[in-house]
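**Student:** Sequence lines, in order, name chains A and B. Everything in the first sequence is counted per my numbering, starting at 1 for the first residue and increasing by one. Everything in the second sequence is counted per my numbering, starting at 1001 for the first residue and increasing by one.
To be clear, the hints were calculated from the coordinates, so they are not data collected in a lab. Idealized CB from N, CA, C, for every residue including glycine. Don't take every hint at face value.
[To be verified] Here are the simulated DSS-like pairs of lysine-lysine, each with C-alpha atoms no more than 30 Å apart in a straight line:
#	chain 1	residue 1	chain 2	residue 2
1	A	Lys-162	A	Lys-185
2	B	Lys-1207	B	Lys-1089
3	B	Lys-1545	A	Lys-97
4	B	Lys-1103	B	Lys-1057
5	B	Lys-1673	A	Lys-4
6	B	Lys-1479	B	Lys-1430
[Said to hold, decoys possible] Short, incomplete list of chain B residues facing chain A, as computed with Cβ under 8 Å:
#	residue
7	Leu-1035
8	Met-1036
9	Glu-1284
10	Glu-1286
11	Val-1289
12	Ile-1475
13	Leu-1502
14	Ala-1551
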Amino acid sequence: MTEKQPVVIIVDDDSSFRAFLARLVGTIGLQSVSFASAEEFLHTASPDAPACLILDVQMPGLSGLDLQRELMRTDHQIPTVFITGHGDIPMSVQAVKAGAVGFLTKPFRNQDLLDAVREAINLDREARQRRIAVAGLRQRYDSLTAREREVFALVVEGLLNKQIAGEIGTTERTVKAHRHQVMQKMEADSVAELVRMADKLMITARVH
Amino acid sequence: MNGEVASNIVKPAHERLPERALKLLFDRSADAILLMDSETLVDCNQATVRMLQYSSKEELLSTHPSALSPPFQPDGRSSQEKAEEMRAKACERGNHRFEWMIKSAAGSVFPIEVLLTAIPLDDRQVLCAVWHEIADLKRAEEQLSLLQTISMEVSATIDLTNALEVVLRRVCEKTGWAIGQSWLPDHDGRHLVCSPAWFASVGGMEKFRISSRGVKFPPGIGLPGRVWVSKQPAWIIDVTQDANFPRADDAREVGLKAALGIPILSGDEVLSVIEFFLRTPQREDERLVRVIVTVAEELGLVIGRKRAEESLRWEKSFSDTTIDSLPGIFYHYDHHGRFLRWNKNFERVTGYSHEEIAGMHPLDFFSGNDKHLIAERIGEVFTTSEASAEAGLVCKDGSVIPYFFTGRRFLFDGNPYLVGVGVDITERLKAEEELRRTQAELAHVTRVTTMGELAASIAHEVNQPLGAIVGNAEICLDKLNDGQLDLELLREALADIVSDGLRASEVIAGIRALARKSTPQKMQLDLNLVIREVLMLVGQEARRKGIELRAELGVVHPFVLGDRVQLQQVLLNLLINGIEAMDGVEVRMRELRVMTERGEGNVVVARVRDCGVGIAPQEIEQIFKPFHTTKTGGMGMGLAISRSIIEAHGGRLWAEANDGPGTTFIFILPPVKDGDL
């Protein structure tokens, strides 16, 4: 699977500063898209690539912090680097709490911003990979029958075949066959791997 | 007709004319014919009854002949004595012609010509008198002489009381009436009171005099009150029988009966009412009334003239005093610029003597431009009746004092004149200068205070371009250090550095302009440009508060004549107020709009519209009052100063509530006219 080109999203109402930010991230070979306001950004679809948000804290309309909250609420969190003309401590605390990767006060060293942007993109890349992996597992899990999911849950709880048969009221042979199906469909080589998958999928056995 | 005819009438039985014709002749004769013996009146004709104003022939015939004459004749001799002499002359010569004063039933005395013929009748001597009224000319001559006497005497008198006394005495003497009194309106003009002027030709009148002195008459009451109201003579046949005569009891006691009241008028004003009384009841004697009315008219004229002279003297002395007591200078000159009158202050202030000023021209007191200005204003006074000017008054010692002059035209006998006053305005100018200075200082303080509120935002406003400059410069340096000469990128970055640097310096220039303390300087300004400069200063403040600033500058180059800093101050103030009005208020659209447009008469209209908390209608004028503030940290001077600035620019500033939320502040400024450029 080839990795998509990361994108830096710039939201700042000052056009000259936007131009500078775009130029700066361009120097390390990053692509960028610029928006003059938070609203403008919200009306656009998020790019399907590792991304980083450079956000001006103070803007007319929705402020940078408002935008960040909005993204969290809709579960579209993007690692964010905040930029402010005159940051105060409460403001930066609030931003970091909300998951800011960096909080820079103008004027700042270009390197500080680039470092923060790189870190943010890495974070997003990992998160994306995590999301992609989970999505694959979920797809496999979804191919299991209801009975197989029951068996899956009990297997990862560490129950023996015999115990499982007792739990679900069937024979040990039938449980064995289900168990084989689960291992195959989930593409798991061992029970240990199956347990890790269950962790990621956050599956627990439902004990009747 | 003459005495001959009359004598024929009484000739005995051998007469030629039938008796009936003779009787008619006797009765119809225009001359009065009387037959009398030494003691009684024997007969008379109708003309006699008319002339003497008796009610009937019988009444007349029952009167003693002596009652038909006043006690004395004009030469001073007693009528009785003189009558004897005339009778004797008639008997001696057959007839005798002479002038005589007779007295009518009404008491009036008038002259007649008498032809007295002695006629032997039976055994006694009868006298036939033919009375011929002396011609009107003679009467007029007599009246004239009376009037001349009275008016001469009156002119010589010093006051109204004196003059009244003369008239009362002369009239009583002439007519033989018993008493004459006069009445004057009191100080508030609501009553008539008895004046000290009176005259009695007979004794025993004191009681009536005292009672008259003790009363006062409102309009319409008593004889004086009636005359006062009607302004016409009034005659009472018998005051003791009159319903409107409050002094009737006292009159009865001293024996007064007939009365005459005459007004003395000056124009339409009743100066006095004079009254005369007779001791017998008497019907109205028109002739007497006419004579006294004429006398009264004469008196009215004389007194009116005296009063006019007096009031003229009073006016003169009053105006002299007034003019000299004026705090400023007074001047009065004709259209040639010849000084006719001025006050002492004029001499004192200018240092010129009376004689010097008399030979000077008004423009001699001015120099330079003021000379033209004053010449122009003097012309204005003579053409349009009024003008004023501020100019420096040049004194004899060369010093110049700032004065405010007024001039007003007045026409007299068709000639125009100028009167006016001048007031020293040194103090006023000083106070005005002081006020201007204080206002400028206050405006400066307010401006600096306002900017203090903005300090953080303005710092950011400068920081913004600085941040970009530093960053772009670093990019360039890195590229150069790396040897990666991406010329396109370097050019772009450097161009941005330049424009951001300019932007930062503009902001700083704006701040410096606002913080500068300078006297207002008016010049032609593009209001849109002024607005843009201010928007740059408040841009960050708006951004920080999450407010969108929108400029809708609809007029291309709305030129106004004004002081850039002051107008920026007004806009800054209105914009900050708008931002604060929206602070902390949950509104869907946090928007602050600045608009320019053209209004009626091509005026430039600027609006600053917020969607904030709004202002209660009853507060909308209050907010312009000094020290009215709704902010915790505010001085409350912003809008008061803004308004005074706009008004000093010949415009107006006010606030209106929006249809929706918020308030719009509007100011209008006059457009630049060609002459202003």
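**Student:** Each hint should be assessed against the structure and marked as holding or not.
**Tutor:** Hints and how they fare:
A C-alpha spacing of about 22 Å is found between Lys-162(A) and Lys-185(A), which places the hinted pair at or below 30 Å, so the restraint holds. A C-alpha spacing of about 46 Å is found between Lys-1207(B) and Lys-1089(B), which places the hinted pair above 30 Å, so the restraint is violated. Restraint check: the Cα-Cα separation between Lys-1545(B) and Lys-97(A) comes to about 22 Å, which is no more than 30 Å; the hinted pair holds. At roughly 16 Å between alpha-carbon atoms, Lys-1103(B) and Lys-1057(B) fall within 30 Å of each other, so this suggested pair holds.
With a CA separation close to 66 Å, the supplied pair Lys-1673(B) and Lys-4(A) exceeds the 30 Å bound. Of the supplied pair hints, the one linking Lys-1479(B) and Lys-1430(B) is violated, its CA atoms being roughly 66 Å apart against a limit of 30 Å. At a threshold of 8 Å, the smallest CB-CB gap from Leu-1035(B) to chain A is about 136 Å, leaving the interface hint violated. Proximity of Met-1036(B) to chain A is violated relative to the hint, the smallest CB-CB distance being about 135 Å (cut-off 8 Å).
Given the 8 Å rule on beta carbons, the hint for Glu-1284(B) is violated: about 107 Å separates it from the nearest Cβ of chain A. Because the closest C-beta pair between Glu-1286(B) and chain A is about 108 Å apart, greater than 8 Å, the hint is violated. For Val-1289(B), the interface hint is violated, the least distance from its beta-carbon to any beta-carbon of chain A being 105 Å, above 8 Å. The closest approach between the C-beta of Ile-1475(B) and any C-beta of chain A is roughly 6 Å, which is under the 8 Å cut-off, so the hint is satisfied.
For the restraint placing Leu-1502(B) at the interface with chain A, the shortest Cβ-Cβ distance is roughly 11 Å, beyond the 8 Å limit, so the hint is violated. A hinted interface residue such as Ala-1551(B) counts as satisfied when its beta carbon comes closer than 8 Å to some beta carbon of chain A; here the least separation is about 13 Å, so the hint is violated.
Checked against the numbered hints given earlier, the structure breaks hints 2, 5, 6, 7, 8, 9, 10, 11, 13 and 14 and satisfies all the rest.
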